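Trainee: Residue numbers (my numbering), protein chains in the order written: chain A, 1 to 152; chain B, 1 to 152; chain C, 1 to 152; chain D, 1 to 152.
Everything labelled a hint here was simulated from the structure, so no lab data went into it. All values reported here derive from a predicted model rather than from experimental measurement. A portion of the hints provided could be inaccurate.
Below, simulated DSS-like cross-link-like pairs (lysine-lysine); rule was C-alpha separation at most 27 Å, straight line [stated by the list, open to error]: (1) C:Lys-14 <-> C:Lys-150; (2) C:Lys-123 <-> C:Lys-147; (3) B:Lys-150 <-> C:Lys-123; (4) A:Lys-147 <-> A:Lys-14; (5) B:Lys-123 <-> C:Lys-147; (6) B:Lys-150 <-> B:Lys-14; (7) B:Lys-123 <-> C:Lys-123; (8) B:Lys-150 <-> C:Lys-147; (9) D:Lys-14 <-> D:Lys-150; (10) C:Lys-123 <-> C:Lys-150; (11) B:Lys-150 <-> B:Lys-123; (12) B:Lys-147 <-> C:Lys-123; (13) D:Lys-14 <-> A:Lys-150; (14) C:Lys-150 <-> B:Lys-147; (15) B:Lys-14 <-> B:Lys-147; (16) A:Lys-150 <-> A:Lys-14; (17) C:Lys-147 <-> C:Lys-14; (18) A:Lys-150 <-> D:Lys-123; (19) D:Lys-14 <-> D:Lys-147; (20) A:Lys-147 <-> A:Lys-123; (21) A:Lys-147 <-> D:Lys-150; (22) A:Lys-147 <-> D:Lys-123; (23) C:Lys-150 <-> B:Lys-123; (24) D:Lys-123 <-> D:Lys-147; (25) A:Lys-147 <-> D:Lys-147; (26) D:Lys-123 <-> D:Lys-150; (27) B:Lys-123 <-> B:Lys-147; (28) B:Lys-147 <-> C:Lys-147; (29) A:Lys-150 <-> A:Lys-123; (30) A:Lys-150 <-> D:Lys-147; (31) A:Lys-123 <-> D:Lys-123; (32) A:Lys-123 <-> D:Lys-14.
Protein chains: 4
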Amino acid sequence: MSEDQAVSIDDRLKLVTEGEFAGWSTWHSDAFEQRAGPFYERHDADGRGIAAFRAEPRHMNGGGFMHGGCLMTFADSAIFTFARDALAGDHAVTVNLSGDFLDSARVGELIEATGEVTRAGGKTIFVRGIATADGRPVLSFTAIIKKVGKRD
Amino acid sequence: MSEDQAVSIDDRLKLVTEGEFAGWSTWHSDAFEQRAGPFYERHDADGRGIAAFRAEPRHMNGGGFMHGGCLMTFADSAIFTFARDALAGDHAVTVNLSGDFLDSARVGELIEATGEVTRAGGKTIFVRGIATADGRPVLSFTAIIKKVGKRD
Amino acid sequence: MSEDQAVSIDDRLKLVTEGEFAGWSTWHSDAFEQRAGPFYERHDADGRGIAAFRAEPRHMNGGGFMHGGCLMTFADSAIFTFARDALAGDHAVTVNLSGDFLDSARVGELIEATGEVTRAGGKTIFVRGIATADGRPVLSFTAIIKKVGKRD
Amino acid sequence: MSEDQAVSIDDRLKLVTEGEFAGWSTWHSDAFEQRAGPFYERHDADGRGIAAFRAEPRHMNGGGFMHGGCLMTFADSAIFTFARDALAGDHAVTVNLSGDFLDSARVGELIEATGEVTRAGGKTIFVRGIATADGRPVLSFTAIIKKVGKRD
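Take the sequences, apply the hints, and build the full model.
Mentor: If you want it as structure tokens, here you go:
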């Protein structure tokens, strides 16, 4: 299972101070995610989360399009950004992640993911979202997250 | 969409001649997949495909377990290994990829994926599979692949 | 596969003239769907579709909650209501239908489904939606529809 | 959510004594499921479950093929047949149900579903299965079931 990347108060979540994503935060703990991304996140005044990154050649596949695994990795990170408030600091894991590949993403495009918690009751949190490439929908995804207790 | 990684005859598919995966083949073209993996594949006498890799610290997340995105990237590669014969050299893309995270995988474990084509009719190919860690099921996945024409 | 229930001009789609769903339309051709429902649909000025029905004892399961199969049948019908314009009269089939059961629905509640086409390119149409019970989310669903040619 | 239809000892599960499904059991409590089906189930000596029913005109849609909702209702019932031992008498609900529609089923065909529990740990049970029509795969499905405590 994939561990919680969305603890609201966590010293592993670093504020970016320069570059395209200045003002956004990024994680400094997920070996795989850091190499795949890094991905950036922020929350608006209403607590609504958004995740993003800039498509680079290293995110592509042999055909010159973004690899499906890259988009799914981004989605598996974004769902925790969307669920931050519902998680309320709890540790959590992904139980199910499903993606519909709507269109291809290319080098240089801005990949953004927005979404929502469709239900947060008890330990199970349901999420859905859409990832876009320069505003064009490329991935529609749903996920089920399960809380597994407070962090140490 | 994620491009076909499973063309049966493709000079980008290289035979591994040494190390743990000697005798297996691996792709030399998918920027993202090479950095995420590399992953290895082979087919038995019946044409049944299997994919595998050894879990390393770089595949993990902050919790010390394999990142869900790593498993989904592996699955998005393995489905083309399973569908090799059904693709018959056609170029194809992933339309849907869904994964149930059954258990966590850890550093040092051998990650293997086996699966089957549940239906291959016309341009749409349906696949399902299971990924294991040292033989323990960690991901159950299904995918829909769409052929998009012959390669150049 | 489940056949298209959403052809915009079809003499099987009857206008309801009385009762709770007066002004809505319902299908008179789907044996299974009629017995499961009937379900009702309408489109607003922007062509956005909505589907609905009133929960009755015959829609429930042994526990007194709406059966998951009833909600999935309703969703498999609603996706064609949402995709009406994208289908443009084409015959189509469901390729994938996935549902997250968010909450239980009870006898007497108004079940409504709203949704959107996330991508309509070529023959493949991607849809997602939410079904509610008296406004409370009970099912989050995604579907992939494939056009299979013009109707006779 | 859809209630548990798989309690191993339950007076609502009746043995069929005549007709095509003599020797199988069927449920006498699920209003929706009884009208959709009824569906029949049995378990072999190894506890492996199988579910089945005979396709009738009332299961079809306007195109003369089995309605996707009928197949999903059957799948939502079959997953509890497969999970009988893992449930060990616990009450449970479906959290996610996903189906790939592989082919169409027609009137008169024998619809059967076989499957397996891919993981049963704690309160969450993962299942996958295949439904066939006269032996021809028509639906590949996965589901996540959550135990919600002992029955009264």
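Trainee: Where does the structure disagree with the numbered hints, that is, which hint numbers, in rising order?
Mentor: 13 and 32
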